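S.K.: Whole structure, please, built from the sequences with the hints as guidance.
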Amino acid sequence: MSVPGVEGRGATLKTRLPARSGLPGGGLLPGGSPPRTGWRGTYTLPVHRLPLIPVVLLAGCAPIPMGFDAPSETKRQDAIVAAAASGDRSPQTLRGLISQLDSPDPATRMLAIRTLERLTGQTFGYDYSDPSWKRERFVQAWVDWYDSEYGTASAPEADHG
Amino acid sequence: MDDRAHIRVELLSNPAYLSGARELISSVCKRLGFDDLTCSKVALAVDEALCNVIRHGYKHSEDRPIWISLWPLSNEAGQPDGVKLVIEDEAEQVDPEKMKGRELTDIRPGGLGVHIIRDVMDDVRYERREQVGMRLTMIKRVPRCCTPARLSGGMAADRGG
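In the order they appear, the protein sequences are chains A and B.
The first sequence runs 0 to 160 under numbering that gives the first Met the number 0.
The second sequence runs 0 to 160 under numbering that gives the first Met the number 0.
I should point out that these hints are in silico values taken from the structure, not numbers from a laboratory.
Accuracy of the hints is not assured; some may be wrong.
[What the hints assert, rightly or not] Cross-link-like lysine to aspartate or glutamate pairs, in silico, DMTMM-like; alpha carbons within 20 Å at most:
id, chain 1, residue 1, chain 2, residue 2
1, A, K74, A, D87
2, B, K58, A, E72
3, A, K133, B, D118
4, B, K58, B, E91
5, B, K29, B, D121
6, B, K29, A, D129
7, B, K58, B, E89
8, A, K133, B, E22
9, B, K99, B, E87
10, A, K133, B, D35
11, A, K133, B, D34
12, B, K99, B, D118
13, B, K97, B, E87
Computed from a predicted model, the values in this text were never measured in an experiment.
M.R.: This is how it looks when you write it as structure tokens:
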């Protein structure tokens, strides 16, 4: 007897979505050039940029990292919450949110779809509590919507510094 | 109805065993007449409940006991139409009124596990156990679209090889 999809948070505590392309969040969105690191990989700041850090901080305009590619689930959720609070509908934010629809953590998926719904007014039938085999086509609907709105060519490249 | 649980499992609070618990619950729910999608959602609720016990109740201790009990439910005609799941622990007791989860009009992390459980199950109740620990009772009814005939038919088929 086959066991229906039994994915869950516990089973994925120590796993990551495999990078299906060179895009953030496991490569949900087509197009764009491959990033220099995986979206969920650890980014190491190039040594030659280290002297810039105090300058940027002192200037009071330190770039706020998007956080959608943070290794920590909590940090990724923080990024979603920040997007919801700011109401930012930029392509980069929307792309980051869509990437979270494929998260192994249902709480992250729930936050992501609720934020997307708040920002765009739609869900495309996506349900965070569905198993991955059922979520897949709804995630694709989001990808198709993003492509139609912003085009794959104009999709901003992940900024890793 | 016999009060004894049809299934009662004791496991340690080690995340490594969560996948086994999910697969067990999902497999049994399949036999009780649930469709694959609903089996997955029940397994998700169990996973969230176990994660909550491990994370918040036992503070990530991996050697504390958790009990999972399962009863099939029947309608007035005696046909199987759902499942009751009880998860018990020996963690510090908390006020059940504080285990309500929260409304998601404000998008922020934390407290989402309880919300997810309440979202996917039909009835959820937290209570203190008599001596120590907490008890979570969850009920899921077979969706009307499903024909709950697998319990007798499926088991008969199993006996026949």
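S.K.: None of the hints should be skipped; say for each whether it holds.
M.R.: Hint-by-hint comparison with the structure:
For the proposed pair K74(A) and D87(A), the alpha carbon gap of about 18 Å is at most 20 Å, so the pair holds. Distance hint between K58(B) and E72(A) is fulfilled; the C-alpha atoms sit about 18 Å from each other, no more than 20 Å. Of the pairs offered as hints, the one joining K133(A) and D118(B) holds, with about 17 Å between alpha carbons and a cut-off of 20 Å not exceeded. Between K58(B) and E91(B), the direct Cα distance comes to roughly 10 Å. Compliance with the 20 Å bound is thereby established for this hinted pair.
A threshold of 20 Å between alpha carbons decides the hint, and for K29(B) with D121(B) the separation of about 17 Å falls inside it, so the pair holds. For the given pair, K29(B) sits about 16 Å from D129(A) by alpha-carbon distance, which is consistent with the 20 Å threshold. The straight-line distance between the Cα atoms of K58(B) and E89(B) is roughly 12 Å, inside the 20 Å bound, and the hint therefore holds. Between the alpha carbons of K133(A) and E22(B) the distance comes to roughly 18 Å, so the proposed pair stays at or under 20 Å and holds.
For the given pair, K99(B) sits about 17 Å from E87(B) by alpha-carbon distance, which is consistent with the 20 Å threshold. A threshold of 20 Å between alpha carbons decides the hint, and for K133(A) with D35(B) the separation of about 10 Å falls inside it, so the pair holds. Restraint check: the Cα-Cα separation between K133(A) and D34(B) comes to about 13 Å, which is no more than 20 Å; the hinted pair holds. With a C-alpha separation of about 11 Å, the suggested pairing of K99(B) with D118(B) holds against the 20 Å cut-off.
At most 20 Å may separate the alpha-carbon atoms for a hinted pair to count; K97(B) and E87(B) meet this at roughly 17 Å.
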